[in-house]
Amino acid sequence: GAVVSQHPSWVICKSGTSVKIECRSLDFQATTMFWYRQFPKQSLMLMATSNEGSKATYEQGVEKDKFLINHASLTLSTLTVTSAHPEDSSFYICSAREGQMNTEAFFGQGTRLTVV
Amino acid sequence: AQSVTQLDSQVPVFEEAPVELRCNYSSSVSVYLFWYVQYPNQGLQLLLKYLSGSTLVKGINGFEAEFNKSQTSFHLRKPSVHISDTAEYFCAVTRNTGGFKTIFGAGTRLFVKA
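Chains A and D supply the protein sequences, listed in that same order.
Following our numbering, the numbering of the first sequence begins with 1 at its first residue and continues without gaps.
Following our numbering, the numbering of the second sequence begins with 1 at its first residue and continues without gaps.
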């Protein structure tokens, strides 16, 4: 099946710094990528949808200046958490879909971000 | 807008017993339905999906689910569970129109006891 790789799998950063998380589709071209956030023992909350070559569409309540999403190529999307604070600590998961009509999105293994 | 409701936050069950995890959804447009499993500190693994056709869908690890359009449900079942099935299970819907966003239910923690 299709493989989506996230890097890093975990990261610890100091409050006030920025952290970049990468999401790569290894064996297909990801027309659309999605970024989710998951708090402990909670469900996945969609943060934004990004289409290759265009600006990301953010869900209501998600700060676009804080969570910068770039989808510069068909195999790579990045999420940058800017000026991170402890409340940004969470599990971030990306998913990627191939093409416009394909219905299934494939998920990365997630990134555990801890801000200290 | 679509929404997903998983009726049980936790389901404890003994090993080799049957289990059903319930999922109901609402949507103003047609949707595709999915069940995912998540083990601690890991991403999601697709168990099964309903896109169209037969309403009974079989997935991996012996799981199956039945799509019921009139009741807007997509319950997940397994006739005999194993200890290794202990995990978090998420029901998800993807709307069959622009954007194809996927919305997840709150999750059900399946705990299999020996």
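Just so you know, the hints here were simulated from the structure itself, not pulled from any lab data.
Using N, Cα and C, we set each Cβ at its ideal position, and we do this for glycine too.
Hints may be right or wrong, so weigh each one.
To spell it out: a stretch of chain A is covered by chain D in this simulated footprint if at least three of its residues, at any positions, have a beta carbon under 8 Å from a beta carbon of chain D; those stretches are [claimed, not checked]:
| id | region |
| --- | --- |
| 1 | 78-84 |
| 2 | 92-99 |
Residues of chain A clear of chain D, computed beta-carbon distances all greater than 10 Å [as the list claims (entries may be wrong)]:
| id | residue |
| --- | --- |
| 3 | S18 |
| 4 | F28 |
| 5 | F34 |
| 6 | L46 |
| 7 | T49 |
| 8 | E104 |
These are the hints, each one checked on the structure:
{"no.": "1", "hint": "78-84", "in the structure": "violated (count 0)"}
{"no.": "2", "hint": "92-99", "in the structure": "holds (count 3)"}
{"no.": "3", "hint": "S18", "in the structure": "holds (23 Å)"}
{"no.": "4", "hint": "F28", "in the structure": "holds (15 Å)"}
{"no.": "5", "hint": "F34", "in the structure": "violated (7 Å)"}
{"no.": "6", "hint": "L46", "in the structure": "violated (6 Å)"}
{"no.": "7", "hint": "T49", "in the structure": "violated (6 Å)"}
{"no.": "8", "hint": "E104", "in the structure": "violated (6 Å)"}
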